[in-house]
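2 protein chains.
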Amino acid sequence: MRRAHRIAAITKMLVEQPQRVYALGDFADIFGVSRSTLSEDLAIIRQAFGQLDLGLVETISGAIGGVRYFPDLTEAQIREEISKVCELLEEPQRILPGGFIFIDDVISSPFHLRNIGNIFATYFRSREPEYVVTVETAGIPVALKTASSLKIPLVIVRRQSRVAEGPVLTMRFLSGTARQIETMSLSRRALASKSRVLLIDDFMRAGGTLRGLTDLMGEFDCEVVGKGVFIETGWPKEKLVTDHLALVYLKEVDVENQKVLVQPADWV
Amino acid sequence: MRRAHRIAAITKMLVEQPQRVYALGDFADIFGVSRSTLSEDLAIIRQAFGQLDLGLVETISGAIGGVRYFPDLTEAQIREEISKVCELLEEPQRILPGGFIFIDDVISSPFHLRNIGNIFATYFRSREPEYVVTVETAGIPVALKTASSLKIPLVIVRRQSRVAEGPVLTMRFLSGTARQIETMSLSRRALASKSRVLLIDDFMRAGGTLRGLTDLMGEFDCEVVGKGVFIETGWPKEKLVTDHLALVYLKEVDVENQKVLVQPADWV
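These protein sequence lines map, in sequence, to chains P and U. Numbering follows the numbering used here, with no gaps: position 194 of the first sequence is 243. Numbering follows the numbering used here, with no gaps: position 24 of the second sequence is 73.
The following block holds chain P by itself, in its conformation from the complex:
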């Protein structure tokens, strides 16, 4: 295989499994070339990715030597992605009876999620989470994409416990908006204690769910190292959590004039 062929193959392997560390020796076996030749190949890939902002290729020096890929986005790319999402969410036909808006297509579309997962991963990677935790149902796709970018497992907390899960820990919590008592439950086996967890959800009003998830993590003796929500509403003003990262703010749903106002979060 010539250099150009090797580069195609190595790029494919790196991109397909973000964060996986490949040893130079693995590639040397596959392609039958020396490690110094491979180092040159990797330098070319790193240069090309750097020049076009295609993510980060990190080479690890030392006795073994290796390489891995991070699908990190630049600040400009994050701004562009979030602006596109705002436009999409402002489509007036999303308005539902009662002033709700229909977002299921956005939060379940592999196309839109690809970058939303990468945004959360870019932001939270340095906190070294070991699990992404979400609560069923709508937040699961966003959480899975985040977990994929970080190459860590996803844990799904249930609203109701099901018999096939084995022993579960169940907790009641107060929903922030409706002030109703709700239930969360999670299998005892789902999380190793003392883990560092990243909470991800699709939609936050008062933050009761994130508050409840945080308390549940305490019961598992796990540390919440970050909290991310895709959409945060402007109402109510008082939130039950403070140190969370929202991507967009849903400011207003004006049913009368069929207008939705969505803005990028302040940090964007």
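Any given hint could be a false lead.
Claimed, not checked - Below, simulated DMTMM-like cross-link-like pairs (lysine to aspartate or glutamate); rule was C-alpha separation at most 20 Å, straight line: (1) P:243 with U:154; (2) U:200 with P:130; (3) P:133 with P:121; (4) U:300 with P:214; (5) P:200 with P:107; (6) U:133 with U:121; (7) P:133 with U:65.
To be verified - Quick list of the computed label-pair ranges, beta carbon to beta carbon: (8) P:283 with U:306: 27 to 37 Å; (9) P:108 with U:310: 42 to 52 Å; (10) U:123 with P:229: 46 to 56 Å; (11) U:216 with P:69: 36 to 46 Å; (12) P:68 with U:113: 35 to 45 Å.
Hints are computed from structural coordinates only; laboratory data are not their basis. Predicted model, so just to flag it, every value in this text is computed and none were measured. Think of the CB as a built atom: it goes at the ideal place given N, C-alpha and C, for glycine as much as any other residue.
Given chain P, work out where chain U should sit, using these hints.
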């Protein structure tokens, strides 16, 4: 940018968005080279992928000319992936009280799902589904990965309807195993009528859920072009659906001797 740099960048773009058609003109603009030079680049990528079984790079000829990537697996790769999953599921510590087995870590791990989604996509691509449809909760990650590989939207059917979804169609159905009446509901806006849909779920006993989903698709005037389940149990013998594709069979959970027996499906 030299050829090797271009190949790194083009490979990254292709792999990251399976099924997306890139026009040669798009690449010509980015790299400032002629279409014939790009055709040579793409031939190299195609050769490298072909030689190492890294998926299919398809060039589209004609006036516009384009290229796209399919993350298809070979039969040998599918067999290997499914064998690994069987081994994983046979770990005796998965046995739960009541003879259930714990599978949440397998069906939520981005690492294992990556290839499970590609297996379903490889098998069902030719039926040209327009949506992947699943029912909450545990099947969502597998379904999302399948939808990503096929580059089509995911639609999640709810067990209970929530107020923020707008008008929903609700249906009762009889669960196959427990013979209980259960509920499914789906937002009226979630699916365009006359669509071709692929049903994906994580676990099938009698098949009552898949049967119910099929009936629900009929109410939306959609055609079910395929049904895939990750794990099918050997019991009960009588199934409520027949033309589905399972990846593995859970033959036996022997609580006494702490043994789980899982086999690849017959077609593998």
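* **List of violated hint numbers, smallest to largest** => 8
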